[in-house]
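Student: Please assemble the complex out of the two chains, which come individually in their own frames, going by the hints.
Residues per chain, in single letters:
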Amino acid sequence: MTLMELFGCAFITFGPPFALFVFTIARDPMRVILFTASAFFWLCALLLSSILWYAVVPLRDYLVFGLVFSVLLQELFRLLFYKVLRKANDGLLAVSQQTTAQHVTPKDFSNRHIMAYVSGLGFGVIAGTFSIVNVLADMSGPGTIGIQGDSKYFFWTSACLSLCIILLHTSWGVIFSSAMDNKEWLRVALVVVAHMFFSCMTLLNQASSSSNSHVYLGSLIPAFLTLFLCGTLAFYTAGGSLVNLKTAFVCRKTRYEID
Amino acid sequence: MASCWSGSYQLTILILCLSWISVNSLRTRKKIYIDLETQNSCFRIMNATHQTGCTSSRRGNVGVLYYLRTAADYEWVTTKGPNAPYIVVMNSSDFMGLNIKELLKHRDRVNGIMFISLEENTTSLYPEIGFSAVDTCPNDRSGLYWNHKDFGSCKKTTWNTAGTGLLHQDIGIPVFSLTDPNDVHNVLHNCFFKFNMKEPMQPSTTYPLCAAEAMSFMVAAVDTVTCLRRSSRVSLSLSGGSTFCDPLGDVNNHVTMLNTPQNVTRLNDTVIVVGTRVDSTSLINYQYTAADTSAAGIVGLLAAMEALWKVKDTIRNTTGAKDIMFAFFQGESYDYIGSSSMVYSMQQGTFPQDLDKDEDALHLQRIRLQHIDQFVELNQVGYRDESSLWLHTDPHNHRIVTGKIEQMIDGLKQAAKPLDVSLQEADKTQPLPPASAQRFLLERGNVPVVVITDHQAEFTNKFYNSHLDMAELINATDYPPGLSDKEKYDYVTTQAEMLANLSTALARYLFKASTGLQPDKSMEKILTADSSTVTHLLYCFLISPNCEIFKETVSPQNAQTLEEAMLPFPFYVGVNSHETEVSALISLLSARFTGDIVNLDQSDCKQPNSDVRYTYTYVQGNVSADGKSRTGWCLKSLAQKTEALSPAFTIDGYDMMSGQYSTWTESRWITVSVRLFLVPSQQMQLLILCTGLVVLVLSLLLVYLVSSSADVVFSNYGTRSTTPATAAR
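From first to last, the protein sequence lines are chains D and F.
Here the first sequence is numbered in full-length UniProt numbering, starting from 1 and rising by one per residue.
Here the second sequence is numbered in full-length UniProt numbering, starting from 1 and rising by one per residue.
Please note that the accuracy of each hint is not assured.
Sample of chain F residues facing chain D (criterion: CB under 10 Å; computed from the structure) [to be verified]:
id: 1; residue: 569
id: 2; residue: 676
id: 3; residue: 693
The calculated EDC-like cross-link candidates involving lysine to aspartate or glutamate, where the alpha carbons are at most 16 Å apart (straight line), are [what the hints assert, rightly or not]:
id: 4; chain 1: F; residue 1: 310; chain 2: F; residue 2: 711
id: 5; chain 1: F; residue 1: 30; chain 2: D; residue 2: 138
id: 6; chain 1: D; residue 1: 246; chain 2: F; residue 2: 711
id: 7; chain 1: D; residue 1: 83; chain 2: D; residue 2: 61
id: 8; chain 1: F; residue 1: 310; chain 2: F; residue 2: 520
id: 9; chain 1: F; residue 1: 512; chain 2: F; residue 2: 524
Stretch by stretch, here's where chain F covers chain D in the computed footprint (C-beta under 8 Å, at least three residues) [stated by the list, open to error]:
id: 10; region: 139-153
id: 11; region: 235-241
Hints were generated in silico from the structure; no laboratory data involved.
C-beta: ideal position from N, C-alpha, C; glycine also.
Here chain F stands alone, though its shape is the one from the complex (with noise of 0.2 Å):
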């Protein structure tokens, strides 16, 4: 393609008016702009005190490229170069902390930041020191220990040593991930190292040089109280008020062993409860993977879920069998949000059903805090530390209800013992690690906790909550070579199996927490979870959710998504107003997990009004014998969701100074886009100028003298011409 206007002044107007689809790609603008495809942004959340995250200013950033690969490089950006304002990038396993807030450090000079997280990259994507957006302390504010004398503030021990806090802080600039191997490609060489770096180790500081506009724009701003009331402000706009922040959430997921209904009495320390972290977080939108920060505890939890589910009848056929819950808890990674507002609505009574709502139909009996007979959370479970799981207590909690826990612990151990599952009692005095339990305890200080993770001390995953937390570093992608899809998804990993043991042993340790009975050979048998199931779902949260799991699990109206999606859901909690695929995923899962398959239609596939205990759910089902249609499947279980929204957002007159409840809103912003193209230099820009100037104004006298003495100069008008017309004059 040459330029537009080479062809023809007037074909390229045609070409505009008629076609807009040729419009686009001969619009002057595509010859100046190169747009990359990159969303994978930065963006802004706050808090009821702060704003943090990134955003650009309204019309973009604009920087001149630069390439950080050397320290020298650094100094050039910061204080050197000529050519400041910069936008830089860096490759992945240079964006860490360290470097980043150096960076920061001089945003009078650095103007945006992209980084480079492409696998096909020769570097390695993993800074060796780690990283982690939250900070070395992850949810302390809003945890057990907050202002306690001997575990705030992680005291005793750094959890999150690769924190870098930079979720947390107010960057101010755009910063963007570039994931798209032809976006890397435009920025490196066709934009650097063709205008900016044009002789190797020489940056140069002549224009026209290379630039990048970086567009982020968030549309709120300060903290989320000033936000919500800008946004409920009465706005006289005939299109209505505009709203700038969506409070952050999403739902729980739980599901119970037994159909306790509301004229049954539930004794207190009858519910067992099992939870797991579903979300993870990341500085950079879309790149939400959470492979050990949550996607092990999810997948491990609803292996043990399936497994337990195998020998429900026995369980429920058992006189003074206690209740199972398993629960999945949304949002965790801001300040607690899902196990917060479980806790509230256990609180409230309104938990797992209002009851008040409808009177008449069978309903879940509530269950309230003081029925919670013990607390089992799986966290991180990925990366094991000395090849060990790793049984954590809270100091207070195991005081004042040593037995229990002792019980429990004992109990994990002696089920995981002939799975060659090593599970060991971290150091007592060591406070819990960030765990949903934390806001059980806060309210109810003698549940018996134990959560099981995978580090003794601080985190053994350097990629806890970031965009790095992936499949490859917990072994759930450790293929033999030259797999195809369908056997990788097939392929049982080392990480499947591992967890596949862990499930088991969780199954078989409920099995006997409940019911009190020692599981014999052949039930131990059927106790077992299934290490295909683990290494399907491992694959299909984390590799590819294109798969047959998750396509026989889906509802048929949402095959096409299912068809469509390219990448890994992900993590992110999301906003309240839109439930996150992860959680429906899970919902449905459970369903499948729990639920019986009962002969119904699509169309009847729906709950009684009398009996409202059970969910009906219709999924795909697998392809049935002639290999083209699904089976479809009517599921009826106990799975349920609840709303994971801060009690910060319900309660009326909430003080959102207090810091009881997490208080986070995500910023709303209408683009985000970066585009490269180059910047003239100073002199050709006032050349043009002072020519347009003097031709203006050379052309205004001109024409004033000739005009004012026309007569005079088109004097022979009259000879010269012969037609009739000025003859006659």
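Chain D extracted, bound-state conformation (with noise of 0.2 Å):
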């Protein structure tokens, strides 16, 4: 049985996101709502791909085409997202003010990166999801991949590639909500061509698909690469710095509570 390596890969898979998702959100209603929001937004965006993927007759058998237009929607509705989150920020603002203070804006509002945050793992959370949750229901067992000649490194590969897309979807989220704030249009961009270059990146993984070439881990580099720096310009657009890292945890014992 290979009941193992399905938690195994499920673990890999959610346990971050799982983590963000305990400590950051589901104490919030606000945001639980939002995160679902956002999920629904990105099956929006499936549903058109799929539309588009199916209609096309003649390109059907090509994967780039699908890939390629499948990106492109995915940032659209991002875009139509943020546009959606702007427009609702002051119903959204009344709703949430009925059970607190009158007066005081409640953070979520005031520090806009924490919805680009949630709307962000909303997103990556719903893409992981997808792209992982077939290759789970079939590994529970009692066999393992191997005997068409696969690689026996694609339960790992699967599992660490849907980590990376739900992580940098939440690094997204903060960039582009961000950028579009403050108009940096490069750094749309930037969200853009970094996806389009993540996600063209794992077609290559075909090249290298026989059994037992290390190869097919090969692709996880790059993707982890672009996790890591798409997560620190995210870290840093949402206020944070290595010295701030410093004072939370080094200093941790002489810093006071401010709240």
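Tutor: In structure tokens, the structure reads:
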């Protein structure tokens, strides 16, 4: 039985998003709503790209075609969701304030990165889920991959790439939203390009799918590199810095709560 | 095709969502598993006291695949190999009693058996010592000699020396047969030699190893009594109760020469019964070839029927001519289902037709046991022992009706002599071999019985009741090289020639036994079985059912089914709710050989209400002159079907434990499948699991720390951001 593989892969993919959800989202109903709504927008993008893929019969066999348009559509829906959020800002604020003191603006609205982060995570979790769930379903056993000559690292790669895409979407959510707010078009373009780069890179896996090649794991390096870069950028965008980190953890004992 | 993830994470999903045709080709499952085509599995049957046959566990039996070729391989699998449990693959020639029993002793290590029954395989299909799925004394329990002090349990002659008794053993693990070349290739070359035997003669023991999952879970268990009770349990579910097993059964076919209506008295000893068994059995579903076990007998009887009915007018017009009944007994392999059911209905007075149902219409007069004048049975007639056929009699029966039996034997020998058919008497002190006639003798000991078979003592057929009882072994396929299918169909084989002579002898004997007249030269010429009919029927029953004589003889509705049939129809009796193709064809062929073509079209071709003695059958007929359509025949005949269901299931309050009637039932099942896949090494699995757990724990920790001090970590947002909203704060 390959239940161990199943749970291992599930933990790899969903461990970090689960932790993020539990500690940052679950306790706030407004964030849960935002999270779900953004997931819904990603699904809409998926639906549109599916229709497109289905409609253009001659290109159905070319993965690249569907891939490129799917990425573009996802980015379009990210933009749409951003616009909707900005439009709904006042309404959401009103709803939130009913339960809190009227004169204090809730933190979620004062710090827009929080909203961007929540919607990015929603986007990512749904995308990651869709990319791994069918693999997980077939992983439950009793067999593992390889009898057709496929790489035995297939499950590893699938799980890690899914984790990457979840975290990348989260980062992109933060970068994109802040870039739109500040009209920094270069950063907007950066998000789209990074997304396109990441997706197209997975195409390379086809070339090295022979059973024992370690090259199959190779696509993980640029994937995690992209993640690292985007993550760092998002971190700084959201107001983080190394100094802050140091303050937070190293000098923890001397810090005062000022909330 | 590369891995499905590799393309893109989105696209897989798109395809999954939209086109289920593509889904099949892209599911990850397709990369993990190779599904075999084979459906030829052993299944569970039950009688009143036992369950026998095969089953897998509910989720299928999994084992590392191992191909057994040498004695060392057996040892490896049963004791040495470190990767147990195994699912073994063996060649057909090794699939024999001893080997299987050895494997079954180690059921903790052997989780399933598959064997390659493919003719292209270099090794021979046939085990040298023979193979028979039933035991050495077939149907002993339900026959005439059960508990007999001299003959019981085959004390005098062990008939079926090749018997393994596997069919009546609770095998308990799945057994599959591989008949598809692709399956065999996948099992051997994409699985075994690639992963489990990387170096010759040195079995691999390190993972990943190639394993198989054999799935043939049987829903019935314990025995027939338990299963029927469970099936009849009142169920509260909306979908109704579930049935776990079905009684074995089908229909018996018979034709009578005379149309004696119910208002004409039938005198005692005036019906000559000529019978043969229709079914055979084997361990493996769908592989019920029965060349010698029953097909030769069926064809012999049909050909004799055709010959005899050419002179039907002479017989019918002879005053005092005895009636002749040709009977085809179904389900005989399972404790004489067909014959016991016919005997039972004769005793009940409902044979051949239930007169009480509709008293106004003309029915055939009852035939009871006392009306039987003599019983000639054609048993296995394919492999002739010392190129002769043998006449068997029951010692007791022979003693009490000596004169009649001697007369029958003489008559048969006389009829056979000019035809170059050697008929000899078997040892008179020897009991009858397994035969339907035993069930008649059980109820009426003084019916003169002669059984014609090809064996003097033990069976000459080493593959009685098995998947290997093939046409080629009885010389029914000795074609000169390079014949097309059409030419093969018409080519008169050695067996066909021999069988035709036997049929001729039988027809002439029956003519004389019925009318008392010695056929003259011209009559003899008419009373000759057509060797081309015999060869056609052998071809159709044993090689391909998609043949002209079958096409002519099926109804237009069934033509399509016949057209699509690739393999010979199975001779297994099946469950009683379903009429087998073989029975249906025997019925149609009987109608064709004994009936008259009446000028009625398809819609009018049915029985009038006033006279239900005749059966009206509409069949396609031969190709008409224009070469396109078929002419269509409406056949009016005395061919009848009666239920061949063991009386055990019809008698109210029958004691299942009494052993009087067959109690066999077949279990139902849901899926039968075999798939191949790799099992990963334990280390690899542990590695993945541990990585997963570490990732989970680390991220929980990290996120908790960061989020608890998020205000400090992200304290720069106000200073970096210049948007009006945040700046306002």
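Student: So if I understand the rule, the pair passes when the alpha-carbon distance is 16 Å or less; does residue 83 of chain D with residue 61 of chain D pass?
Tutor: Roughly 34 Å separates the two Cα atoms, so the pair is violated.
Student: Are the Cα atoms of residue 30 of chain F and residue 138 of chain D separated by 16 Å or less?
Tutor: 9 Å, holds
Student: So if I understand the rule, the pair passes when the alpha-carbon distance is 16 Å or less; does residue 310 of chain F with residue 520 of chain F pass?
Tutor: 15 Å, holds
Student: Against chain D, is residue 693 of chain F within 10 Å by beta-carbon distance?
Tutor: 6 Å, holds
Student: Could you grab the alpha-carbon distance between residue 310 of chain F and residue 711 of chain F and see if it respects the 16 Å cut-off?
Tutor: 107 Å, violated
Student: Regarding the hint that residue 676 of chain F lies at the interface with chain D, is the smallest CB-CB distance below 10 Å?
Tutor: Since chain D brings a Cβ to about 6 Å from residue 676 of chain F, closer than 10 Å, the hint holds.
Student: Taking only the CA atoms, is the gap from residue 512 of chain F to residue 524 of chain F under or equal to 16 Å?
Tutor: 11 Å, holds
Student: When I compare C-beta atoms, does the region 139-153 of chain D have three or more residues closer than 8 Å to chain F?
Tutor: holds (count 11)
Student: Taken at face value, is the distance from the CA of residue 711 of chain F to the CA of residue 246 of chain D at most 16 Å?
Tutor: 13 Å, holds
Student: Using 10 Å as the Cβ threshold, decide whether residue 569 of chain F counts as touching chain D.
Tutor: 35 Å, violated
Student: Quick one: see if chain F covers the region 235-241 of chain D, three-plus residues with Cβ-Cβ under 8 Å.
Tutor: holds (count 6)
In this structure, the hints that do not hold are numbers 1, 4 and 7, in rising order.
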